[in-house]
Structures are given as structure tokens and as C-alpha cells.
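Now for the letters of each chain:
Protein chains: 2
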Amino acid sequence: MTHRQRGLLLTGALLLLFACGGTPSEGPASGPASDARNRQDWALVIHGGAGVPRDSLSDERQRAYLASLEQALRIGIEILEQGGRSLDTVEQVIRHLEDDPLFNAGKGAVFNHDGVNELDASIMDGATLACGAVAGVTTVKNPISLARLVMEQTPHVLLVREGAESFAGAMQVERVEPSYFFTQGRWDRLQRIKQAASEGGERGTVGVAALDRHGDLAAGTSTGGLTNKMFGRVGDSPIIGAGTYADNTTCAVSASGKGEEFIRHSVARSMAAVMEMRGLSLQEAADRFVHQKLQPGDGGVIAVDRFGNIVTSFNTPGMFRGAADAGGRFEVRIWQD
Amino acid sequence: MTHRQRGLLLTGALLLLFACGGTPSEGPASGPASDARNRQDWALVIHGGAGVPRDSLSDERQRAYLASLEQALRIGIEILEQGGRSLDTVEQVIRHLEDDPLFNAGKGAVFNHDGVNELDASIMDGATLACGAVAGVTTVKNPISLARLVMEQTPHVLLVREGAESFAGAMQVERVEPSYFFTQGRWDRLQRIKQAASEGGERGTVGVAALDRHGDLAAGTSTGGLTNKMFGRVGDSPIIGAGTYADNTTCAVSASGKGEEFIRHSVARSMAAVMEMRGLSLQEAADRFVHQKLQPGDGGVIAVDRFGNIVTSFNTPGMFRGAADAGGRFEVRIWQD
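So the sequence lines, in the order shown, correspond to chains A and B.
Using my numbering, you'd call the opening residue of the first sequence number 26 and step up by one each time.
Using my numbering, you'd call the opening residue of the second sequence number 26 and step up by one each time.
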């Protein structure tokens with residue numbers, strides 16, 4: 026990472042020169058050239074949630090998470106290397122993470138206060154700003170795919186609860202009994218947290234951001250929310266602009282953390298805005314919100330810009346994450362470096 | 026308006042000078058002084074929806090709308106003149122508009138495809154960025170007040186459907202039978218639109234933005250959505266950052282129009298962002314989104330900035346709206362000037 030850090034310092038210095046000497050510019054096209062120099066044909070970044078405390082994971086569990094993240098990366102790489110679309114990449118990689126009970130999304134979703142698994146997801150196409158989302162579904166095996174259908178098959182962006190379920194029926198997506206989402210560990214955790222009369226601090230949300238060979242960005246996010254959350258609570262994951270945003274002119278972002286804080290600051294959209302409006306680099310944009318606007322412990326973001334630069338930025342001890350690009354980068358991590 | 030237009034031209038010229046001569050600035054504090062020169066002790070702007078076609082309203086109906094908007098303004102003025110809070114102003118004025126069957130919010134909400142009135146609302150406090158929202162409620166007489174309770178009485182921002190209903194029960198807010206929301210005109214319209222197999226283009230959403238004597242901004246929005254909308258569809262009105270945003274450092278905004286477009290562009294938050302990040306005036310920020318990012322016919326916004334400047338900007342033939350401030354401004358309008 027030392028070489029990379031030097032690169033970032035240089036980027037920062039160039040940006041500073043640019044910012045001091047120039048007038049406010051309209052778009053990122055006039056941003057620092059260094060952003061474009063390392064242009065990648067494709068790039069992929071994923072997360073499996075921020076907020077995991079270091080002492081809470083056995084070595085064995087850590088290996089399991091890293092192995093699943095690696096597998097997720099490989100699913101995405103195969104699509105992107107063959108010239109597939111970033112949107113398909115986002116959907117397919119998130120489906121893998123939803124099917125893995127390790128993550129708080131799909132199969133591994135946490136329980137709300139009433140012992141129900143309520144799932145939320147969203148997806149956005151940076152090429153067209155098309156977007157779709159679902160919130161509060163309880164029988165849809167892969168909410169991310171339902172979110173994509175909302176985007177492509179309806180004039181709407183967000184469908185919630187029975188409306189989303191009824192749409193799932195019409196679209197014939199795979200349904201499951203609510204018991205499919207039962208996992209003993211999550212159930213035990215609900216009981217512990219109910220006894221403590223608090224809400225769980227899970228940040229097990231999953232998300233993906235990708236740039237494909239066509240220059241198109243896409244992002245998506247999927248979650249089971251917070252253990253012991255109030256019935257009907259919707260966090261940032263299905264909120265376009267808060268937990269998910271993608272715009273080919275700037276970046277694709279997926280967030281994970283205390284959803285309410287990400288909604289309050291419209292984090293995903295604001296990152297794109299500060300790149301577009303102030304010419305900030307992806308790293309600066311991410312750090313501005315994760316380390317300046319949000320509070321320590323709130324969570325983090327993953328993001329990729331139109332040049333294939335990848336950023337993971339978080340203010341928690343760890344965030345399950347992985348990154349890969351056409352230049353050969355391939356890494357999965359849990360903790361702060 | 027000629028004097029006002031000259032003022033805007035001057036503001037624009039000053040901004041241009043500022044933009045060409047200065048370096049990118051951090052906050053609006055360094056924005057053009059002309060914004061602050063007309064500083065008002067308090068300011069209030071309201072809307073009853075954009076999108077009404079000119080030939081669709083009899084003179085009598087027009088008078089009824091204008092009378093209700095005037096009454097709404099007076100409710101807000103009384104609170105603001107006495108030094109009350111912008112947040113209370115937003116809530117109380119929206120309650121009036123929700124209770125009036127003329128508007129597509131509360132009592133006058135339109136019907137979804139299944140003949141149900143599903144209501145959405147949100148509110149935000151610019152002083153703290155605290156915010157609350159509800160979506161898909163069917164028995165709550167005043168959704169805006171429930172949104173405020175979500176903000177003040179829960180750790181969450183958004184509660185949907187049964188979760189919001191159950192919270193309404195716990196908070197003992199006024200409930201009504203779903204039949205309370207039945208109005209013959211809305212019902213007849215649903216039947217006509219179902220026959221045409223289209224979705225209604227109502228923009229009857231209501232919203233309020235206010236600055237109080239303490240310098241605090243607040244905004245709120247409430248709606249019944251679109252006639253014949255899919256069950257469970259949620260538009261921009263309950264989405265913080267899309268239909269509603271307030272931040273004391275910039276502005277308070279409420280939007281009305283094709284919700285999906287306002288979500289896609291995070292219009293309310295983006296207006297605040299472009300003021301903060303590029304030093305644009307409130308008018309320029311509104312016009313940038315309403316006339317550049319959105320398409321003709323999509324809708325509009327009302328907004329007030331921290332100096333008490335008021336803006337109404339829309340790309341539809343009309344928008345029900347009203348504005349008042351401590352300097353004696355008091356006006357209600359429907360059409361483009």
C-alpha cells in the first residue's frame with residue numbers, strides 16, 4: 026500500500042494546486058489528470074458490512090468471510106473480463122452474498138423486534154440513472170434481483186412490503202418461506218439484544234460497485250437491517266442517494282453502517298456531488314463524508330470512479346471488503362490496514 | 026416582478042464575477058453578499074403541487090385553491106411572527122393542507138390501483154439534520170405529524186406501512202377509518218385512469234419550507250402519491266434528500282412532481298449541495314435542477330435559504346404556491362408569471 030499511498034499524496038498535491046489556481050469547474054472532466062492516468066478497463070469493489078469489532082471473530086470465522094469475499098470477487102471478475110455489464114456484475118455478486126448466511130442480507134438477514142426478517146435492496150445504473158429498490162420484503166430469496174426488476178419493469182423506483190411482494194409474484198422471482206431466513210446465530214442474537222433492550226449494531230449489509238469495459242458504472246446494496254429494529258423501519262440501503270448511487274460522470278457507491286446517518290447526509294449522492302461540483306478525487310470524496318460528516322463508528326463506503334479507481338473508506342474497526350481490477354489487483358480484507 | 030428580476034440579474038452578475046475571480050470556496054458564508062442583503066427575520070413558502078394544466082380548473086376551483094393557500098400562509102405567519110419554530114410551522118401548515126380535500130395529501134389523497142389511499146410524508150430540521158418519514162400509511166389522519174414523531178421519538182428515519190401504523194398506535198396520533206380518505210372526485214378519476222390503463226399525473230403533493238426568527242430552517246412534504254400507482258409504490262415525498270431536505274447552512278426544500286425523477290437526481294439534497302459546494306444562489310440552485318436536470322413537465326420545488334430568500338421554480342404550466350416573509354410579502358399563485 027506504500028506505493029499507493031504515495032500516489033494518493035501526489036494526487037492530493039496536484040488537486041491542491043488545481044484548486045488554488047483554477048476557477049470552479051463544472052464537471053469532473055476538468056479534474057486532476059492523475060485520476061485518469063491509472064485508468065482501468067474494469068474495476069470491482071465489494072463489501073460485506075462495516076462495523077465488525079476485532080475481538081468478535083474467531084480465526085476460523087475470519088477465514089470463512091475472506092473465502093466468501095474471494096468467491097464473490099471471482100464471480101464479478103468473470104463477468105467483467107468477458108465484457109459483461111457492470112449492472113449484471115452488481116446483481117450477480119450481490120446474489121452470491123445474499124445466498125451466504127455469513128452476511129446480513131438474503132439468507133443471513135437479521136431478525137427485527139418481532140422476529141421477522143425484513144429485507145431491503147437497491148440497484149442503480151450509472152449510464153442512465155435508472156434505479157430500482159425494494160424495502161421490507163419477507164419471502165423474496167434475492168431482493169437485489171427484485172430491485173432490478175422494479176427498475177426495468179415498472180415506472181417506479183421504490184416498492185415496499187406487500188406491494189413489493191405482489192410485484193415479486195407477478196415477476197415470478199424465486200420465493201421462499203420466511204423460515205428460509207432463519208439462522209440460529211441471528212435468532213440467539215435477537216434474544217440477547219432484546220434482553221439488553223437495545224438495537225443491534227450490525228453493519229452486515231452487502232454492496233457492490235463496478236466499472237465495466239464499456240465505461241459504465243453501477244452500484245447495488247442489500248441488507249437485513251438491524252437486529253431488533255422496529256417493524257417497518259427502512260434504513261439507507263434501499264434509498265437511492267443514501268446507501269446507493271451511480272452516475273457515469275462521477276462514481277458508483279454502496280454504503281454500510283448506521284442507515285439513519287447515511288440518509289441524513291445523503292452520503293452516496295453527496296460523494297458524487299462533491300466530485301462533480303468541486304473536482305474532488307474519489308478518495309477525497311469518500312473521506313470527506315466518512316471521516317468528516319459522519320461520526321466514528323457510523324460505518325463506511327465502497328466506491329469506484331469512471332477511471333476504475335477503487336476506494337474503501339470506513340470509520341469502524343473493520344469492514345468486510347474486496348477489490349479487483351483489470352490491472353491484476355485482487356484483495357480481500359477485514360480490518361483497517 | 027420586474028424589480029425582482031433586476032435583482033436576480035444583479036445577483037447573477039455578482040456571482041459570475043465571484044466565480045471567475047475566486048477560488049472554490051467551502052461554504053455559503055463566502056457566497057455573494059447580495060443573498061444576505063435582503064435578510065428576512067422569517068420567511069415561509071408553501072406548495073400544493075405542481076403540474077396542474079391551465080384548462081383543467083374552473084375559476085371557482087382556482088379561487089378555492091387560492092383561498093386555502095392563503096389560509097395556510099396565515100397559519101404559518103402567526104407561528105413565525107410570534108417567534109415560533111420553523112419545524113412547528115412546517116407541521117402545522119401541512120396539517121391544514123392535509124385536512125383540505127383540495128390537495129393530494131391527507132384527506133384528499135388519490136387512490137392507488139387497488140382503490141386504497143396510501144399516504145407518505147417527511148419532515149426535516151435544518152438545525153440538527155434530524156429527520157423523520159412515513160410511507161404507505163392508510164389510517165393516519167395527519168401523516169406529517171407521524172413523520173415528526175418518527176424523528177423525535179425513534180432512532181429511525183423512515184417507517185413504512187404496518188410498522189408505521191403500529192407506531193401510530195403507540196403514539197396515539199389521530200386515526201381514521203380508511204373511508205375518511207374517500208372523495209368522489211378522486212374515485213372517479215381512478216376509474217377514468219384505469220380505463221385508460223395509465224397512471225395519473227397528479228402533482229398534488231403539499232409541502233412547506235420555512236425560516237424562523239432563530240435562524241433555523243425546516244422543510245416537510247406530504248402526499249397521496251399517484252392515482253392508479255402500483256400497490257406499495259413510494260415516491261420522493263418521504264425520501265429525505267429527494268423530496269425534502271433542510272440544512273441551516275444552505276436551504277430548506279420541498280419538491281412536487283414525478284417522484285422517480287426527483288429520487289434519481291436526489292433533487293432536494295443536490296440543491297443544498299450545489300449551494301454549499303459551488304456557492305450558487307438559491308434561485309440558481311433551484312433552476313439548475315428544475316430546468317437543466319429535470320425534463321419539462323416533471324415538476325418543481327419551493328425553497329427558502331438561510332437569509333430568508335424564497336424561490337418557487339417549476340417546469341409545469343402551474344404550481345399551487347404561496348410565499349410570505351417578515352418584509353410584508355404575501356402572495357399566492359397558480360400559474361407561471
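Worth double-checking, as some hints may not be accurate.
Note: identical chains are not told apart, hence a pair may lie in one copy or across any two.
As the list claims (entries may be wrong) - Distance condition first, Cα-Cα at most 25 Å in a straight line; then the derived SDA-like pairs of lysine to any residue:
| id | residue 1 | residue 2 |
| --- | --- | --- |
| 1 | K318 | I100 |
| 2 | K219 | P126 |
| 3 | K219 | D84 |
| 4 | K219 | Q197 |
| 5 | K166 | E187 |
| 6 | K219 | G194 |
Calculated from the structure, these hints are not laboratory results.
**Report entry** Violated hints - listed by number, lowest first
**Finding:** 1, 3
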